[in-house]
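Chemist: Sequence:
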Amino acid sequence: MDTSTNNVRVRFAPSPTGYLHVGGLRTALYNYLFAQRHQGAFVLRIEDTDRSRYVEGAVENLIETLTWAGLEYDEGPLRDGPFGPYIQSERLEIYREHANNLVREGKAYRCFCSSDRLEAMRKEQEKQKLSPKYDRLCLRLPPQVIEENIQKGISFVVRMRVPDNEIIRFHDIIRDDVEFLSDRIDDQVLLKSDGYPTYHLANVIDDHLMQITHVIRGEEWLSSTPKHILLYRFFGWNTPMFAHLPLLLNPDRSKLSKRQGDVAVEEYRAKGYLKEALVNFVALLGWNPGDEREIFSLEELAKEFSLERVGKAGAIFNIDKLNWMNFEHLRRKSDQEVLAMLKEELAHSRFREHQLSDEYLFKVIAAMRVRVSFVKDYLEKSPYFFEAPTEFDHEVVRKRWKRDTPAHMEQLVKMFRKLNKPFPTKEDFEKALYETLGNLITASPDGGLIHPTRLAISGVGVGPGLFDMLYILGRDESIRRIITAIEKIRIE
RNA sequence: GGCGCUAUCGUCUAACGGUUAGGACGGAGCCCUCUCAAGGCUCAAAUACGGGUUCGAUUCCCGUUAGCGCUACCA
1 MDTSTNNVRV
11 RFAPSPTGYL
21 HVGGLRTALY
31 NYLFAQRHQG
41 AFVLRIEDTD
51 RSRYVEGAVE
61 NLIETLTWAG
71 LEYDEGPLRD
81 GPFGPYIQSE
91 RLEIYREHAN
101 NLVREGKAYR
111 CFCSSDRLEA
121 MRKEQEKQKL
131 SPKYDRLCLR
141 LPPQVIEENI
151 QKGISFVVRM
161 RVPDNEIIRF
171 HDIIRDDVEF
181 LSDRIDDQVL
191 LKSDGYPTYH
201 LANVIDDHLM
211 QITHVIRGEE
221 WLSSTPKHIL
231 LYRFFGWNTP
241 MFAHLPLLLN
251 PDRSKLSKRQ
261 GDVAVEEYRA
271 KGYLKEALVN
281 FVALLGWNPG
291 DEREIFSLEE
301 LAKEFSLERV
311 GKAGAIFNID
321 KLNWMNFEHL
331 RRKSDQEVLA
341 MLKEELAHSR
351 FREHQLSDEY
361 LFKVIAAMRV
371 RVSFVKDYLE
381 KSPYFFEAPT
391 EFDHEVVRKR
401 WKRDTPAHME
411 QLVKMFRKLN
421 KPFPTKEDFE
431 KALYETLGNL
441 ITASPDGGLI
451 HPTRLAISGV
461 GVGPGLFDML
471 YILGRDESIR
481 RIITAIEKIR
491 IE
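Residue 348 in our numbering sits at position 348 of the first sequence, and the numbers go up by one each step.
Just so you know, these hints were derived from the structure itself, not from any lab. No incorrect hints appear here.
Pairs of lysine-lysine residues, derived as DSS-like cross-links and limited to a Cα-Cα distance of at most 30 Å, are as follows:
hint, residue 1, residue 2
1, K381, K421
2, K321, K381
3, K271, K321
4, K414, K363
5, K333, K376
6, K363, K321
7, K376, K343
What follows is a set of in silico ranges between Cβ atoms, one per label pair, in the way DEER data are often shown:
hint, residue 1, residue 2, range
8, K127, K255, 25 to 31 Å
9, Q355, L209, 56 to 62 Å
10, P422, A270, 37 to 43 Å
11, Y434, H348, 39 to 45 Å
12, R331, E487, 35 to 41 Å
13, K376, Q355, 19 to 25 Å
14, H348, R96, 46 to 52 Å
15, W68, H171, 33 to 39 Å
We put the CB at the ideal spot given by N, CA and C, even for glycine.
Work out the full structure: start from the sequences and follow the hints.
Modeler: In structure tokens:
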């Protein structure tokens, strides 16, 4: 076993099924982090050996999403390295040749069995409560028959010949020593009848040829690892180190899947999750730094990450915590960064026609920062910064808009009109309001004016401090809105 | 069914034989306060079960249970 940790080379080897699964994102991330940490290479390899699952544009999308997440690969499609091509469908000759070598050496054999026979055999085995396993009918075929079959053009697969009665052991970085009895291992198909390799053959050959030192992949591969170990031995190659990651789970603890929420990274991206948050969140699903820090940038993760601190148990994808993380990462963004995102969001919203200066938007950002988890929350939670309210929350009207409120609002407007700047300070508004309040005999001391004013200018009862809102909207707009409110709000 | 993996608050997790079992999200409450947030403080909440080993087990071993994975010419 190769235990060298120098020249670390790892790979992320997804099959292009159309989108990047969040579990895949985590696998890719751990590989990336491990490579970064050891100044090694991170290879992207496309495992497209199942022609029936071909999806148009999937590879491009995968690369795009990986890049979005910040996981740049050192070698792979569109970034050739010394071990390409990195797309398995372009390496068919390599697999065929290796499979033939195995056949020649008696470590694999051709199997002409029809899928009908295989199916019947499995059914029978199931009936007898045996574990389904190829019965090796074709292993005993005389050479002449094999020749004849080939001549006749009968299609065949190549199966590996698993040795009898042997214990296959291997070390896993995360799970320590694991062992399997070879008798339980099926004579796995290595080369399909269409000439394509199966995953097992292709991944072993490629990992060797691409000089992969550490195979970091999902736990679903643990059971087939003994087959891979055997193949390395058949070829006379050293095995890489293995690390099988715990699975990501649905809330019901089954393997994370569609139907129970979003699994595509693209979906989260579309919903407005920050890549920083998503990456940080999945990093912590199975790994922790050993202390109580939780918020990490990709760079910080790369500095801290180690496979030794990866746990063994599956983890449920908890959306609440992801949302919180998005909030934490969003508030760490600079005003400039938020501004850019907010403008982008506005450009695709119903407010797109409005001309809003950067200066104005900076004020909105300052006021809303601690109240938003997503950039789109700026529009959803405070639309009144982008458009005057057209409706007034009934519940708030009922609670805050009393019989004498319109009269009070008139007084307030009068006072605001005396403000000599179009954009008075927060303090100016505050003074004006309290002066108005002082002139009113019936006003209650707290919020007698504040709440109805908030309702008048925003349409709702929640939001930043009233004087911040007035300051942002400015004198004239505030006055306009209050007058409109006086006209439109009817006591129910 | 067989084989394998796993098992600490609802969730993510810390503890690498000795802790009042810690933190975070979520929940509850209090403080702050013009509302909503944010922030501060507090509370509720876990070692699946049964055996060992040991002076002492969350921790090591065995079993049970449960969950998950694999069991394809899919990856």
